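Colleague: Under the working numbering, the first residue of the sequence shown carries the number 1, and numbering increases by one thereafter.
By construction, these hints were calculated from the structure, which means they are not laboratory data. All values derive from a computational prediction rather than experimental measurement. Using N, Cα and C, we set each Cβ at its ideal position, and we do this for glycine too. Please note: incorrect hints may appear among the correct ones.
Cβ pair distances, simulated, as ranges [to be verified]:
{"hint": "1", "residue 1": "G204", "residue 2": "A181", "range": "18 to 28 angstroms"}
{"hint": "2", "residue 1": "Q263", "residue 2": "P287", "range": "25 to 35 angstroms"}
{"hint": "3", "residue 1": "K84", "residue 2": "V211", "range": "18 to 28 angstroms"}
{"hint": "4", "residue 1": "D282", "residue 2": "S200", "range": "38 to 48 angstroms"}
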Amino acid sequence: MNIPRYRIVIILLIVILLSIIGLFSSWLFHHDKVLVHTIKAEKLENNKGSNFSGKLEALETANIVSKLSGKIDSINVDLGSAVKAGDTLLTLEAHELAASVEQARANVEIAYSSLETAQIDYAVQRQNLERNKALVEQGALARADFDNKYALPFAKAKELALNGASAQVRQAEANLQLALANYQNSLIVSPISGIIAEKSVNIGELASPDVLLFSVINFDKVFMMASVAAEEINQIQIGDQLPVTIAAVSTIPFNGLVTNIAQASGAASKTYLVKVLIDNQDHRLKPGMFAEIQWKENPETKIVVPKTTVISKNGKTCVWTVKDGIVSCKEVSIESVDVINVIIKSGIEAGEDIVSSGQEMLTEGMPVMVFK
1 MNIPRYRIVI
11 ILLIVILLSI
21 IGLFSSWLFH
31 HDKVLVHTIK
41 AEKLENNKGS
51 NFSGKLEALE
61 TANIVSKLSG
71 KIDSINVDLG
81 SAVKAGDTLL
91 TLEAHELAAS
101 VEQARANVEI
111 AYSSLETAQI
121 DYAVQRQNLE
131 RNKALVEQGA
141 LARADFDNKY
151 ALPFAKAKEL
161 ALNGASAQVR
171 QAEANLQLAL
181 ANYQNSLIVS
191 PISGIIAEKS
201 VNIGELASPD
211 VLLFSVINFD
221 KVFMMASVAA
231 EEINQIQIGD
241 QLPVTIAAVS
251 TIPFNGLVTN
261 IAQASGAASK
271 TYLVKVLIDN
281 QDHRLKPGMF
291 AEIQWKENPE
301 TKIVVPKTTV
311 ISKNGKTCVW
321 TVKDGIVSCK
331 EVSIESVDVI
341 NVIIKSGIEA
351 GEDIVSSGQE
361 MLTEGMPVMV
371 FK
């Protein structure tokens with residue numbers, strides 16, 4: 001059915017009239033509000049930091065030599081063997097040392113026997129002394145004869161029992177301990193738990209204090225020493241955890257723990273050494289591998305806004321913020337200013353609506369109409 005043209009015209013006029021009425025009503029509703037433009041306060045990303053590099057080192061290393069010179073009788077380990085602290089790695093031919101131990105034991109027994117004899121003699125001489133004191137007092141025995149026959153033998157027996165024989169026992173026991181220590185030194189043991197990293201001798205060769213026998217390393221944990229500049233050292237604390245990248249093993253960083261920080265800088269480098277420990281129970285990390293620490297400063301919360309949004313009011317630096325259609329002038333602390341932007345340390349939060357134009361007509365608590 002065709003609609004007459006005049007009806008179409010009437011409908012269009014009604015639509016236009018209603019639109020005009022709506023716009024007029026909106027103007028009447030907002031005519032008392034200032035029109036402002038706003039932007040969002042943005043958080044400033046702080047990516048400042050440094051990279052520290054170095055080589056991994058084993059937490060414990062022991063280079064083992066013999067205290068004695070002697071022919072190697074047996075070897076119990078090989079390159080790559082796992083050992084525990086106290087395990088015997090190598091033995092020297094020690095027949096003479098074993099004989100010295102037996103001789104020292106015999107001397108200890110002789111010394112104790114002599115001590116027992118001296119104590120018996122001391123007891124006998126003391127009885128004789130006490131028995132004959134009465135005869136001297138009665139005049140039946142001359143003082144000179146008493147001294148020669150009883151007093152002097154008693155004194156000698158006492159000295160031997162309490163000092164001389166006891167000293168011989170202590171000397172014999174010390175000689176036994178020395179012989180045992182020398183014999184024990186023929187057994188070369190590992191001072192630490194770890195892996196045999198180096199073996200430089202064979203059965204039948206001569207061991208001496210100048211010859212390296214084994215090198216044992218414990219790398220259940222490894223560490224690296226990082227050189228840190230003076231302006232950064234106070235931002236690193238013992239207990240901090242830092243990501244450590246070892247490219248030869250993985251692109252995923254390992255967790256490093258700061259365990260030691262030098263309190264004085266190197267004389268030549270003027271940097272401070274920081275020890276970073278890395279767990280390595282699976283032994284994937286090997287001493288000598290190149291490692292890199294990716295360190296970032298602790299970020300501060302900073303906000304960046306356009307320079308034009310910052311105003312001076314009553315001697316204070318402020319920015320106008322809008323919340324629920326109401327403006328408020330917030331005092332801010334400024335860190336730096338360039339041609340375009342201002343970095344704000346405190347006063348506003350990221351994401352707040354900041355008035356970017358129309359500030360001239362604003363008063364505290366005023367309702368505004370926002371145009372973004």
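Colleague: Each hint: holds or not?
Modeller: Structure-based check of all given hints:
no.	hint	result
1	G204 with A181: 18 to 28 angstroms	holds (25 angstroms)
2	Q263 with P287: 25 to 35 angstroms	holds (26 angstroms)
3	K84 with V211: 18 to 28 angstroms	holds (24 angstroms)
4	D282 with S200: 38 to 48 angstroms	violated (28 angstroms)
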